[in-house]
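Keeping the supplied structure of chain A fixed, place chain B upon it in accordance with the hints.
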Amino acid sequence: MEELTRMKATSWLAAATLLVLASSAPALAEDEGRVTISIGGGVLATSSAPEGTFDFDHQLFGGEAGSFDADYGGGEASHYEASIAVRLRERFGLGLTWSTSVLDDDADIVGRLPHPFLHESHRTVEGTSGGLSRDETAVHLSLRWRVRAGEKSDLTFFGGPSHIELEYDLVTGVRFDQAYPFDRASYAGVDAETTSGDAVGFHIGAEIVRWLNETVGLGFLVRFSEASVDLNGPDGSTMAVDGGGLDAALELRFRF
Amino acid sequence: MRRINIVVALGAALAMSGAVLSAQGTAVPAARAFAVTSAPINAPDLVDADLTIDSMTRSGALELVSANPDRQLPGHRHEYLRQVHRGVPVHGAGLARQRQDGATISVFGTVYDEIDIDSVPTLSAEAALDRIEAVAGAPPATSEAPRLAILPTELGELVLTWSAPMRDFHTWFIDAHSGQPVKRVEHLYTESAVGFGRGITGAPQKVSAWHTGVGYQAWDRLRPAEIVTMDGRGELVDRVALFFPTPAWLEAVAWDDDNEWANASITDAHAHLGMTYDYLAQHQDWHGIDGEDGRILAIANLTGYYNASYLRPPFGPQGSGLMSFGVSRDDVPLVTVDIVGHELQHGVTNEAVRARTGLPVIGRQTFALGPSSLTVEGETIRCGDYHTFPAIPLLREEEKYAYMCLDEDFRTTTSRNGRFAMWMYEGGALHEAYSDIIGTAVEFSVHPPGEGLLHADYRVGEDIGRVIRRLDAPHSLDLGSGYTLPDSINQAFRFVGVLVPIGRYTTIRYTRWGMRGNRPFRLSSDGYNGVHWNSTILSHAFYLAIEGGTHSSGATVTGVGGANRHLVEQAFFRGLADLAPPSITFRIMGSLIRQSAIDLHGSGSAAFVAIHEALTAVGL
Chain A
428 MEELTRMKAT
438 SWLAAATLLV
448 LASSAPALAE
458 DEGRVTISIG
468 GGVLATSSAP
478 EGTFDFDHQL
488 FGGEAGSFDA
498 DYGGGEASHY
508 EASIAVRLRE
518 RFGLGLTWST
528 SVLDDDADIV
538 GRLPHPFLHE
548 SHRTVEGTSG
558 GLSRDETAVH
568 LSLRWRVRAG
578 EKSDLTFFGG
588 PSHIELEYDL
598 VTGVRFDQAY
608 PFDRASYAGV
618 DAETTSGDAV
628 GFHIGAEIVR
638 WLNETVGLGF
648 LVRFSEASVD
658 LNGPDGSTMA
668 VDGGGLDAAL
678 ELRFRF
Chain B
15 MRRINIVVAL
25 GAALAMSGAV
35 LSAQGTAVPA
45 ARAFAVTSAP
55 INAPDLVDAD
65 LTIDSMTRSG
75 ALELVSANPD
85 RQLPGHRHEY
95 LRQVHRGVPV
105 HGAGLARQRQ
115 DGATISVFGT
125 VYDEIDIDSV
135 PTLSAEAALD
145 RIEAVAGAPP
155 ATSEAPRLAI
165 LPTELGELVL
175 TWSAPMRDFH
185 TWFIDAHSGQ
195 PVKRVEHLYT
205 ESAVGFGRGI
215 TGAPQKVSAW
225 HTGVGYQAWD
235 RLRPAEIVTM
245 DGRGELVDRV
255 ALFFPTPAWL
265 EAVAWDDDNE
275 WANASITDAH
285 AHLGMTYDYL
295 AQHQDWHGID
305 GEDGRILAIA
315 NLTGYYNASY
325 LRPPFGPQGS
335 GLMSFGVSRD
345 DVPLVTVDIV
355 GHELQHGVTN
365 EAVRARTGLP
375 VIGRQTFALG
385 PSSLTVEGET
395 IRCGDYHTFP
405 AIPLLREEEK
415 YAYMCLDEDF
425 RTTTSRNGRF
435 AMWMYEGGAL
445 HEAYSDIIGT
455 AVEFSVHPPG
465 EGLLHADYRV
475 GEDIGRVIRR
485 LDAPHSLDLG
495 SGYTLPDSIN
505 QAFRFVGVLV
515 PIGRYTTIRY
525 TRWGMRGNRP
535 FRLSSDGYNG
545 VHWNSTILSH
555 AFYLAIEGGT
565 HSSGATVTGV
575 GGANRHLVEQ
585 AFFRGLADLA
595 PPSITFRIMG
605 SLIRQSAIDL
615 HGSGSAAFVA
625 IHEALTAVGL
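Chains as they are written, first to last, in my numbering: chain A, 428 to 683; chain B, 15 to 634.
Looking at chain B on its own, in the form it has when it is part of the complex:
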C-alpha cells in the first residue's frame, strides 16, 4: 500500500516550548514532537522514529501502556508508549505508534530528551495528599492515592509532582519536594453560557424508560449502554451532591407515573443522549462514553443552572463523569441534539484518549510572539507594564503582575523592547472543536439537512434561538465590535498572559488582552481562554471537507458532498479516538486526521483530498 508522508517533524520542537526558559532561568529539556507517517520516499524518518522508540524502550524510558488491534482496519494495531524517567511517568509525554502487518506506518506524540531530575519525592504520598487538601481547600475526590509524575509546565519546566483530583473539581499538582502548588486542571467542560430567545422545538420524542412497577424511570436499558437521566428538580445547588460518588443518585433518576413525559428538558435530554449514543455506535463503532458501553449519567431540568457541561471522572455520582444540562437565561433548556451531542463527545474525547494512553487529552497551551504593545479604543498596554486583576470580595485581593514578554533569545523580559507572548489553549479548543463536530454529525444523523427547526445544519444552538457558533461560516458570527470567529489558525484568538508565581514556579494567567490574527482586542474581563471561539478553526475544516467551497483565504476545497459526509466524520473521529496522543495541538491534530483519512480511505481517495485541502485551507 502506498503511503505518503504528511508531516515530518521528527526532532522539531513544537510551539517553542522547548526553547523557553523558566522563570528561574534554568534550561529545560527539549521536547521532540513526532508526527510521522510512512512513505517510501520518507522511510528514513519512520525508521528514525522506530529506532527512537526501540532505543527508549530498551533503556526503560518508554513503557507500553496499551497495544490493541484497530477497531476498524484488519491488520492495523495501535500501541501507546508513555515516557518514564527512572520509573516515574512524564505527564503527557509518550508516543502513539500505528503498525500495519508489523510495519510502523505512523508515530505521533512528544517525548523529552535529557531529563535530569530527581525522581524520588521528598514528600510521602500521605503528606502530599494532606498538602493538596490544604492548597485546594477541598478534600480528595476519591480514595485513591495521589499519583507521582514529572509534569511539564506551560513554560517547559519539568517538575516532580504529586497530583490528585479534589472535590473542588480540579486535579491539583504540587511539587513533590516542597509541596508548593504547580498546576491545577479543571474537570468541568462547559458550553458557553448564553442568553437565548426561543423555546425548544416541542417536537415529540421517545423516552426509553424502565418500568419499575409503580412508574417509569428515564433509564434506558434498551441500548447496550445504560443511559440514565436524573431530574434536577430545581436549583443546581440542590443537586451538587450528585457531582460526587453517592448512592443518592438512584433517588434522583427522573420518573414519570404513566410514561407520558411532561418535562421537556428531561425528555429531550434523555432522547438526545440516546441519539448520540446511536450515532457513535453505528457510525463510528464507538460504544458509549468509555468505548465499553459503561453507564452514561446525565442530569437535566436544572432550572437555575445557566450552562451545559461535562464533568469528567473521577467526579459524577458513580465516579464515571456526569453531563449537566441547564437552561438559558430565558429558561430555555439546553437540551437540543447538537448541545447534548457536544457534551457527550467531551466525555468521549477524554475517554478515547485515556483508554489508550492512560491520560485524557491534555490541555496543551502554546504561544506565538506578538507585538511590543497593543492598543484598543485608545487604551494601550506595553511590555514592561503590569496587569491588575481586580479584587473579588472575599475571594481575592487585587493582584498585579507583569505582562509576559520575551526577548530575542526567548527569555522573559520586562523590557519595552520585548514582545508579548500570545497564548492559545490549543488542547481546550480541540476539545470544543470535536464536540461541535460530533454534535453536528449527530444532528445530521437524525434530521434532514436544511434550515429551521428540526433540520440539520452547521450552526450550534440554532434550535434554542441563538446561534453560538457556525461551522460553515465562522466569519459571519459577530462576537461584538466586529470580531468574528476564526476560520484559520492565523486568525486564532491569542491572549496576553502574565506569569503568576506559585511557590518556586510560575503559571500562566490569561488577561483580557489579546489578538485575533493581527487585530488586537480587549475583553470585558480576564480569564477566558477562547477555547470555544478557536474551535471553529478545526470545525470549519470539517465543514469544508464535506460541503466544499471557497475559504476566506481564497483557497477552494472540493468537498465529498453531503451524501458522503460519513467519510469525513470517520476520518476525524479516528484521528482522535485511535491515533491521538494525550498532548495535542492544532497542527498535530491536522496530521492525525490526514493519517486517519489515509488509513480509512487511501491517499488517492476523494475523501483524503477533500480533508487535506480543507485542513490546508485553515492553515493546518
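Only chain A is shown next, with the shape it has when bound in the complex:
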C-alpha cells in the first residue's frame, strides 16, 4: 500500500510539473500544437519471468519441508496506456505516460513432497498451473526528442525514468493427491497468493505518428522498460522480478 501511495504521488507530481512547463513554455508554431494527449493499447512482452525453488509446509509432512520449483511462463500481456506530452522546444519535450498490462500467467511446477511416514523419502510431482495473474502498472516520465517532423507525420525518440509496480500471483505451495501407501503422489494444483512490489527503472522508445488532420493522429510506439522489483517470495524470501519489457502500442493522438 505504501508503494502504491508513493507511486500515485510520483505520478501526480510529474503531471503537475508537465502542466507548469506547458504553461510557461516559449511560443511555438501554432499549427503543430504544444500539447499532445494519447490513448492506446497493445502488447507487452514481459522482459523476464520469475523462477526459483521454494520451501513449503504441509500438515502431512511430519516436520520435513517440502519444496517446489516454479518456472513462470511470462509472455505477452495486454497493455493499455494514456499519455500527455508537452513540447518545450522545437524538437524537445516532456512526456508522462501511465500504462497498465495484464497477463494471465502460468507456471511449470516440480514439487518434492516428504513422505508422511518416512524421513528423507520425497515424492516428485509435476504439473502446470494456469490462472496466475501478473498485473503491472507503470508511470514513465520521458524526455522526448522529435527527430523528424512534417505536416503528416512525426518520429520521436524518448526515454527516461519509469516507476513500475508489479502485482503477481505467486505459487506458495503444491496441492497433491495421495493414498496409502503414499509412495507416489499426483499433482493437483497449487496454492497461490498475490504479492506486490514496485521499483524505479528506466525506459526508452520511439514512436511515429501519422496526423490525420490538424488535431487527430494515429501513432505507433515501441518501448522498452525495465525495473527490478523485489517481491515477497512464498517461503519468506525476496524474489527479484524484472518488471516492464518490450511493449508495442497503437495510439489515438490529439494535439492542441
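Check the hints yourself; a few may be wrong.
Incomplete in silico selection of chain A near chain B, CB under 7 Å [to be verified]: (1) G489; (2) P543; (3) F544; (4) H546; (5) Y607; (6) P608.
Hints are computed from structural coordinates only; laboratory data are not their basis.
From the three backbone atoms N, C-alpha and C, an ideal C-beta is built for every residue, glycine too.
For chain B alone, coordinates are given in the frame of chain A:
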C-alpha cells in the same frame, strides 16, 4: 504343474501323544496328523487324505469353517474343516486343505479316530460359567456364553469341557460334567524380561497423528487400519483397566499439543507400529492384525512395566487385543522396531489362523524320552523322585509331585527304570519364532543392512543395548553356564515335567530341570517353558534360507541372498497365515513352509531349494 511330496505322515501319530495313557490308565484315541502334498508319485496319499475328508464330512465328523480364495495365487482355494463329535467341536482338531483348480494339493492338520465320549454336558452353560468364575477367581472377560468343546489334553485324553476367557487373562477349561478344572490358556504373549544398558536411538520418527482441534492424538488415520497408541503415563497398575473393554481408552490416547512429540516411547512405538503395518500390507498383503484392517491398539510409556507383550482377544480396551510396551530394568523403552514388530506379529499369528480355522494357534506341547536321571553340578534327580515347588507366601503352599517318567510301554511310572518325559512347548516356540522372523523382516524393510544403530541385522534387541536372540548365530549367545540358543530341533531345550492332578485329570507343570540336546541343565526357578529359546530353531532356518552358510552340523545352505529375502519371507508368512491349522509343531511347520515355497515359487526354484536346505539343516 509338477509338485513334489514333502512329508507323508498320513496315519502317523505325532509326538506320541496318541500312545500315551492317561493318569487313570484309560486308552485314548489315536491322533492322525496330516502333512500331505500332491505329487504324481505320491498321489495315493493325497487321495487317501481326500477320501478321509470326504468320509468324515459325510458322517458329520468334519464341519466346514471357512473356504476362501488364496490371497495371492489365482486358482488356489483354502478350506478349513474342524472335527466335531456329535455336534461338539474337538478343540484344535481339523484339516486345512488347499486346492488348485479343484484338485487337492495339500492337507495339514490333526484329527482323532474312534472318539467315544459323551457329548451332552451335565453342567448347564450358566452353571459352568459360575464354576469357572469360582476356580479362576475372576469374573468373565466377556458377556459371551461359555463354549462347549472336546479338549485333547497334553496327555492325549479327550475331555468334554466348557471354556470361557476370564479377567485373569486366561481361558479356563473345566470338565463339563464334574466342573473340575482341566486346563487354562494364557492370553498374554510376552517378550523376555531383560535388563539393558543403552538408551534408544534418538533417531527422528514421524508420528502419524490426528488433529483434534486442541491438540494432536497418536491416532493414525492415514493408514487403512487405524493405529492408536495410548499413553501409560506411569505405572502399569494405573492402566490395568485398559486390559479390559472400556470406553476409558479414548481418554488414554497419547496426546501432544503441538505435534512435536517429546516422549520417545510414544513416538517410537507409534511409528514402529505403522512401519510394521506397512511391511505386512506391502510385503505380505496382510492388513493389520486381523487381516481386515481392524483398529490396532497399543499402550506405551509404561515406566513400571519391565516387559513388552501382546494380549490377545477378547482382552484389550475394545476386546480386540492390546500391545503393551514397557521398559527395560534400566528404563529404556522397549519400542525398537524389531520388538514392536515382534509383538504385533503375535497378534497376526493368532488372528491369521483364527480367521481360517476359528481357533488361534494352539500351544501344542510334545515330549521326547529322556534318560532315567539328570545330574547338574553335583545334584541329581531320578525317575521316582519327587519335585518340590517351593511355597509362595499368600499364593501357594509347598507342593511335591513325582517327576513324569514313562516305562517301555509309554505308561507313566515312578520306577527308577523309567525315563523322563522331556517336554517342549512347540506351539509357543513357533509363536515366538514367527514374531522374531517378522520383527526382523520389518527391520530390514526400514533400515539398511549392517551393524550398529538403525541398521538391520538378525539380532533381536540390539538397539536397546542387549541382544536377546540371534537368528544368525544362535550358538553365539550364551544364556549362562555355556548354554546357548539352539539351532536345530535336536538341540532344543526340553523340560522335565511333573504330573499335577486337577480333579480327575492331570496337567503338566514344567520344572527347572531339563536337557538342551544331550546336556542336562537346571534353571534357577521352575515354570519357564523355553519358548523364546527354542524359537531360534525355526528363525535360524529363516536366516539360513536368506543368507546361506554352513550350519553347525556341517550342512551347507545356499541362501537366496539379501536382495531376494522377500521370497523367503513370503514363503514363511504364507505357511502360517494361509496353510497352518491351529495345532502345529515344528515338523508340521517345516512342511507348511516347504509347501508354501512350492506354491509361491515352484519346486524347482532357488527359493524352495534354499528353504528346503535350511529347514533340513535345523532338523525340520
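Results for each hint:
| no. | hint | result |
| --- | --- | --- |
| 1 | G489 | 4 Å, holds |
| 2 | P543 | 6 Å, holds |
| 3 | F544 | 5 Å, holds |
| 4 | H546 | 6 Å, holds |
| 5 | Y607 | 6 Å, holds |
| 6 | P608 | 6 Å, holds |
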